[in-house]
Amino acid sequence: MNKKLFLDELHRLLSDLPPEERNQAIKYYEDYFEDAGPENEQAILKELGSPQELANQIKATTQDDIEYGQGSSFHRSAAYPEFYAQKEQSDSQNENNSAFKQTNDGFQQGHQQAGNGFNNAGTGYRQTDNNFNNNGYRQTDNGFNNNSYQQTDNGFNNNSYQQAGNGFSNNNNYKQAGNGFSNNNYKQAGNGFNNNGYRQTGNGFNNNSYQQAANGYNSHYQQQSARKAVWIVLFALLAITIGLPCLSVLFGILLTIFSVIISIVLALFGTGGGLMIGGIASFFGSFFMTAASGTGAVLFTMGIGLVLFAIGALIIWIGVLFCIRFLPALFQASWKAAKSVTLKFQQWIKKRW
Amino acid sequence: MVFNTGAALLDAIVLAVVYREEEGTYGYKITQDVRAVIEISESTLYPVLRRLQKDDCLEVYDKEFHGRNRRYYKVTERGRCQLELYRQEWGSYISKINDLLLNNK
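First to last, the protein sequences are chains A and B.
Residue numbers 1 to 353, in the working numbering, belong to the letters of the first sequence in order.
Residue numbers 1 to 105, in the working numbering, belong to the letters of the second sequence in order.
Simulated from the structure, these hints should not be mistaken for laboratory data.
One thing to keep in mind: the hints can contain errors.
Lysine-lysine pairs mimicking DSS-like chemistry, simulated, CA-CA at most 30 Å apart [as the list claims (entries may be wrong)]:
| hint | chain 1 | residue 1 | chain 2 | residue 2 |
| --- | --- | --- | --- | --- |
| 1 | A | LYS27 | B | LYS29 |
| 2 | B | LYS63 | A | LYS59 |
| 3 | A | LYS46 | B | LYS96 |
| 4 | A | LYS59 | B | LYS54 |
| 5 | A | LYS339 | B | LYS74 |
| 6 | B | LYS96 | A | LYS3 |
| 7 | A | LYS4 | B | LYS96 |
| 8 | B | LYS74 | A | LYS59 |
| 9 | A | LYS3 | B | LYS74 |
| 10 | A | LYS3 | B | LYS54 |
| 11 | B | LYS54 | A | LYS4 |
Remember, it's a predicted structure, so these values are computed and weren't measured experimentally.
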């Protein structure tokens, strides 16, 4: 018997199956022989039994709801004929010679050696060290309830797919949690607690933001308070550097105006007063003039004195008028101007705030 | 082999073996991996794979390998759920039996 003959015969025997079923079955066993390699061909042929047996098995399971009975999944006579032959002879000896492997201190015959392991059922693939309830496929170091696929170092309740380093309750996550507790996110939480964010938290607590919180607590999405602070500082700076000089200039101007006004007033009164005094002096001086000066001279001097006096009085009258009428008006005008400027300034500030 | 492997347990074992490979694995390899755990005949696996495929626990795809098309089996989402169920069932089943067989002298 060789592979080709076997498959040809199998193909013939499956002819009453739907073509799809038949082709799938044939392909499966063709691949099987290919993958096993030519060196294993005879061993496989022996295992498979006759084409008839295999065809029956395939046809039986292409029906629905097939129940495997006792031992029907195990091809006894083909695999271990010697054991079963021997057993039939030794029934009277009551010898349990269906053991295939030697156990060392093993309570249950597993396929691996159990070293101090309890509950090492034969379905374990690996050796357990001091393990309890090892249902995993990998070795657990001091692992309890390890349902994961990867090794846990001191992991408890690790249902994750990645390694949990000192993790507790590390559920549903796909990445490593370094000292993480309740890590439900997709990125690594370095010392993070309750990290529901999508970014890494460095020592963050309750970080629900989308940006990295470095030692942050409840970090916001923007730093809005900073904006206002910047504006305040800018404004103060401007006010000082620009405002002060302006104010000084204004003050200087005001001073000048005052000085001018004062000097005008003084000049008016001074001139007027001086003229009046000069006039009086001339008038009365004329009386002291000798007859030798001549009547004309005396009258002239008298006249000049009167004129000077009059001019002086006039100037003083102008000065008085200036003080009474002009100055108040000037004061009122400048006061109004100052008020309006201040008002406008207040409005402008209100707008900015 | 003292204890027989029933259909459900066989399904669980095959699903678990295939699930180990993220991208799926092929028939011969599956058989070798399962035989590392329990003694079964090489003719046993095909019906199991076929049934799991019909129950939507496994999906197949072909991939080129050395000039021929090799058929790969991969666990579906439903298969993954089924496997998880098997795991839990097995856990409680085996712990009770262990209690009885291993602890009672």
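Subject >> Violations among the numbered hints >> reply: Result: hints 3, 5, 6 and 7 break, sorted rising.
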